Amino acid sequence: MANSEAAQATPQRSFMSSIAQLHHVREVNVLVALLLVGALISLASPYFLTTNNLMGVFRAFSLTAIMSIGMVMVIITGGIDLSVGSAMGLSSLVTALAFEAGLSMAASISAGLGVGLVFGLSNGLLITAIGLPPFIATLGTLSIGRGLMYMITHGVPVTPDTPELFSFLGQGYIGPVPVPVVLMTLLMVVFAVIMGRTRFGRHVYATGGNEQAARLSGVKTDRVKLSVYVLSSVIASIAGIIGFSRYLSAEPASGFGSELDVIAAAAIGGASLSGGAGSVAGAVIGAALVGVIANGVVLLNVNTYAQQAITGGVILIAVSIDVLRNRYSGGNA
Amino acid sequence: MANSEAAQATPQRSFMSSIAQLHHVREVNVLVALLLVGALISLASPYFLTTNNLMGVFRAFSLTAIMSIGMVMVIITGGIDLSVGSAMGLSSLVTALAFEAGLSMAASISAGLGVGLVFGLSNGLLITAIGLPPFIATLGTLSIGRGLMYMITHGVPVTPDTPELFSFLGQGYIGPVPVPVVLMTLLMVVFAVIMGRTRFGRHVYATGGNEQAARLSGVKTDRVKLSVYVLSSVIASIAGIIGFSRYLSAEPASGFGSELDVIAAAAIGGASLSGGAGSVAGAVIGAALVGVIANGVVLLNVNTYAQQAITGGVILIAVSIDVLRNRYSGGNA
Amino acid sequence: MPLFLEMDAISKTFPGVKALDRVDLALRLGEVHVLAGENGAGKSTLMKIMTGVLRADPGGSIRIDGNEVVIRDPVHARALGISIIYQELAVVDNLTVAENIFLAREPKNRMGMIDRRKMNADARKVLDELEMDISPTTRVGRLSIGQKQMVEIARAISYDCRLIIMDEPTASLSHHEAATLARIVKNLVAQNIGIVYISHRLDEIFEIGDRVTVLRDGVTVDSAPIGEMNRERLVRKMVDRDLEQLFGHHLSHASDEVLLSARGLTLKKHRSQGAPVRDVSFDLHQGEVLGFFGLVGSGRTEVMEMIFGSREYEGSISIDGRPVNIHAPSAAIEQGIGFVTEDRQGQGLVLGMSVRENFSLTHLAEYCRFDFVNRSRESARCREFIRALGIKTPSPEQKIQNLSGGNQQKVVIAKWVARKPRILIVDEPTRGIDIGAKAEVHALLNRLASEGMSIIIVSSDLPEILAISDRIIVLKDGCVNGELSRDQANEQTVMLAATA
Amino acid sequence: ADNSNLTVAVVPKVAVPFFDDCNAGAQGAAEALGVNYQWVVPQNTQGATQVKIIEDLIARHVDGIAISVNEPKSVEGVIKQAVDAGIAVLTFDSDSANSARSMYIGTINEQAGVTMGNSMAEAIGGSGKVAIVTGQLGASNLNERITGVKKALEAYPDIEIVAMEGTEDDLARAVSVTEALLRANPDLAGIFGISQVGGPAVAKVLEQREFNEMAGKLKVFAFDDLPDTIRGVQAGYITGIMVQRPVTMGRLSVEHLVAQINGEEPNPQNVDTGVTVVNADNLDSYTK
Ligand SMILES: Nc1ncnc2c1ncn2[C@@H]1O[C@H](COP(=O)(O)OP(=O)(O)OP(=O)(O)O)[C@@H](O)[C@H]1O
Ligand SMILES: Nc1ncnc2c1ncn2[C@@H]1O[C@H](COP(=O)(O)OP(=O)(O)OP(=O)(O)O)[C@@H](O)[C@H]1O
Ligand SMILES: [Mg+2]
Ligand SMILES: [Mg+2]
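Protein chains in written order, with my numbering: chain A, 1 to 333; chain B, 1 to 333; chain C, 1 to 500; chain D, 1 to 288.
Heads up, some of the hints might be wrong.
As the list claims (entries may be wrong) - When the alpha-carbon atoms are kept at most 25 Å apart in a straight line, the in silico BS3-like pairs for lysine-lysine are as follows: (1) K151/D to K129/D; (2) K217/D to K150/D; (3) K108/C to K118/C; (4) K129/D to K150/D; (5) K476/C to K268/C; (6) K220/B to K399/C; (7) K269/C to K476/C; (8) K420/C to K392/C; (9) K217/D to K129/D; (10) K220/B to K268/C; (11) K118/C to K220/A; (12) K186/C to K125/C; (13) K18/C to K392/C; (14) K108/C to K125/C; (15) K220/B to K269/C; (16) K220/A to K108/C; (17) K420/C to K220/B; (18) K18/C to K399/C.
For the record, the hints were derived by calculation from the structure and aren't laboratory data. Predicted model only: the values in this text are computed from it and were never measured.
Take the sequences, apply the hints, and build the full model.
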């Protein structure tokens, strides 16, 4: 695999050495790219750097970012989870149906989280117990999830009445900061600590780095894999519940196709699809980069037909700079 | 990685041993699954086994199958090509524009193939010269390709007049067999031979099996990788040209989202996303399996909303059987 | 000595191979039990059964402290007091040295997080014991093969186990580390820990062994206390030949013609953990066998990688007096250079491919017409080498990962020899191969030299270097620290150049 | 007549509420007429998917097919094939004008766009900046509506279209795009929601604290009466909705198909089902 990918496996080290190696760390590079893109946009549009706009941008990419936190853990084990979009969509749908059926808020949210759990266990067991390749297992559950959504909704959104408190989750603010952004930050910190500081986190990296060696050393690699798929799906269902709370409408096609965005966020943030490398913070920054570009092209009134081309081009340039910096800044070529 | 995946690295061996190991070979297993699904459908619907229906089914999955031939080679090297849908769509668009501009048939087709070449070279160079991860490189060209299609068409299909001969490519028959099916078969045979019998094919497998060892053995792995991306894009552009010839209309969104179908076909047919394993025939059979299921649910008048769920379920079952057969038929567990 | 573990009538059958046939083994605490035997004899298989990696065929039994047990997996084995250093590296490259040593048993602090300070300090202690001066926070992927091997040793001894299995622990270690290990082993034995020691190095066997068991073709052919054993008997039991027949006399075929000359080779990018290789100059003559010696991490491998184009360098290389630009392995190969790498699984083999496909990868063009591979010619040539090197495999179609370690090594050598390069670089070529095969490899290298091939051999095995080199270059800390002709070279002078 | 041995199939573009209404109308008509009924929803909006579905239906020997076309040109061949096989084919909602289909039943989209443009011009008093929020950039019916809107606005030189944004018909995307639009154009006078996500998206945005003061001042016209769009009208976020008549389209499709199969309609003509502009006044009284 590309050397540059393998180079930043585990992003945490002692403080001194982390300062010394700062320019080797992928997420720092992507952060620099993000700031650069942001600076360019703010030069061209006075609206970009307003609190309102920035918070709006943060809220807009927060769901993708949240899902990418789960995804990056799966990717670090060397797997992939295509079903996040379905898990998110079905969770938001089931939460909505639960509200519609008159269940309490706690029960409705639990129902949504339960969907995530079922997705995660199905993926995890198909992969560890039966031995299906992750791509196929999660493609299967992706299809089944979508199918279920169509069967339930027949294409019609579900828009139940919900308590005021529930809509706080998606629509509220804490100070100037939208609640989804707060939740994203919280999840990011929690999982960054888990991945960086706990045994579980180390075992996730070890499983992706050399599954056999990890197993022989006593890491329960199957359990690790099962856990990351469950986490990924449950986190996706959290995103689904927040999304529903934001729009108070469970769309029959919500989440469709978002797997690619979520994987892209993780990959842009330094995760290697061959496993072993990646970080939670990187994934969130990756989502932010895409979100800022998407905001920028609208603010700058770029021709709508050209937006996608520009987004693609900017991502290529940003990640190329990162890769080339890594290559030439000595060390790990 | 899962043992079962690594188990069928290179599918070519001497005749005797290939008979002996027949039940280990993934594509044979998927073929069995395909025949089984076919048998079940034909029991339930008298229409399935008619020549017309079968040829229709074949024609319907032929484009996905053709693209999966290029894709599987990329996947065997350990890469991925998300841009096939864009390459296909843009090629069909450029071919249409060339016809509209009054160019000859040969020139128009060349223009379409040229698009594939540009896609392939861009992907290949981003990956080998700059060192981008394949996922990001091809995601970037995917976006750029889509954007270009919108910019060119502004959302309006291009429907030029074309010579009679050209429409033969997509609409004609040779005997009872639709021309796209003939072309698919031809490409499959050619590339199966290339992958199984030539030095290039061996180098593709070696690059995916252990890139470093291959390079240290003198394999020009960068050149191999560049080649498979070019092949993948050019083959996708062939699919695009056939598709255009079939409908004589280049749609602004044609090919969007097809990357997942194409990768799925390769994966169902035994390709391992971690590289080193897979086969051209397997990929085509994988595409066939998905195509037959889609046909079956319409023929059997299954609740249309459930179609996607059923497709997902059948794929999971088919591949699980394959994996479990492999595991228990001794040897490579 | 108290009896600890007994294996009775253990058999293991793989498709097409009977790896073990009713083997008995009794292991005691407080002694070093050496397991010897030629490549593919079944040593590693027996150890994998003892640690639960493989399941034995029905019929045999394992007893620990007299109680029959079924060993489920390596974790269970460790709970029973058995730990192992595998023959093939089992480290996780993207974790640090300390994380590898304490993988799956990381110390936790009060908050349930990894107590990294304690973990690093504990790792430091183990590393100190092994006299390794690498930092516990170094990523293992940056270490050399030898250093990785030391990390594995550190891990194995840091478990509180009653029995430690070492499957060719010194294969990629140099003299110095091997000596350290020997000392460690003696310490462990003194603490009443049992050791199973697998090695192909005779000196070692006699130095640290208390008892020897010899396997051949999956059957126990001999077992005796070391005192009753001597070299002749051991070799005869292992390879069914006498020691004198094995190693012929040295004959130099070196000419005066300089084939390759390197001037001022300096690494472009040097790693924090790597030797700062600089200003290495030497000439290689036609038909010469040139030895490179040095301690682990002295930079020998890196010099070879520069010549082979897999590492960027400053300085110049000329072949036949003409400067050449070697920027990639393929360019080096075009110049007629071949390179048997020291890391056979990482750099030498495509594990998912068959023996035949691995063998022909370096010279596939020979069997091709219009890029089409003539498989029967390929297969025939592969069979020739299987016979010539005594590679133990049911057929050329066997997956390379199913071969024993030594036999895999032979395939790596075969794939380069078959290409007939003008210059053959071999880095630790006899790593893990048995004494019989080693003699055959030496004879092969000698014969190739006599046919005019120039050979560079890098080896940490001092007797080996002394036995077959026409001239020896000694590296220390990335610099040439001595060049000794065959007459000047002996154990003392070479070691002196390597250390002082 | 006894129609119990007849089968008609109705093929929408995708699974959205609009077509669910069509299904309701078509199914009701099928039950009333006593024909077998099959509803086949494509899994994506690729032209090829609908082509395959029609092929499959031909293989099944259905008697009539009504289809809302995703890509007009791509189905021409297969519709001819179906007609040649003796199957009655008509299009509804979205036409393939050059195909062999017998008739088209539905909204004339360009005309609906003109109505929308004129309604907007009236609402904003003939001058100001407006923006267009559409769905899939490649969808022909949406593009026809946009053409209609632009055509209508040609008569108002003081109205400027300052931006047009695609949303891929995804609510989340539509919301963030609309937010950015409003920030970049604080003086916007009107928004056209060309596709069905437009209404709900704009309503959600105006509901937010940041944009709440624009509500009412910003004139919004949307398409299709999704529940959230209707709520938007009730809450005063949306000025008017172009409501088509999906139930009618579905019912007419089946009725005309059966008539054609039974030879009772020798000379079919296109049917324009028109749009109703629904606003706060007629919210409770319109029919589909
Ligand atoms: N997974 C496997 N499948 C098939 N054959 C195997 C497998 N593992 C080992 N063998 C065969 O079993 C035999 C014994 O192998 P083993 O690795 O135990 O040898 P060894 O004594 O350790 O040799 P070496 O000194 O080369 O390490 C060999 O012939 C080998 O090819
Ligand atoms: N793949 C690698 N990545 C990073 N560093 C490496 C790598 N290979 C070797 N090194 C570093 O380079 C140094 C020199 O190693 P090299 O293998 O050249 O020495 P050597 O004399 O051949 O010793 P050894 O017996 O360990 O192979 C080692 O200390 C190691 O840390
Ligand atoms: Mg062994
Ligand atoms: Mg070395």
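*Among all the numbered hints in the text so far, which are the ones the structure does not match?*
none
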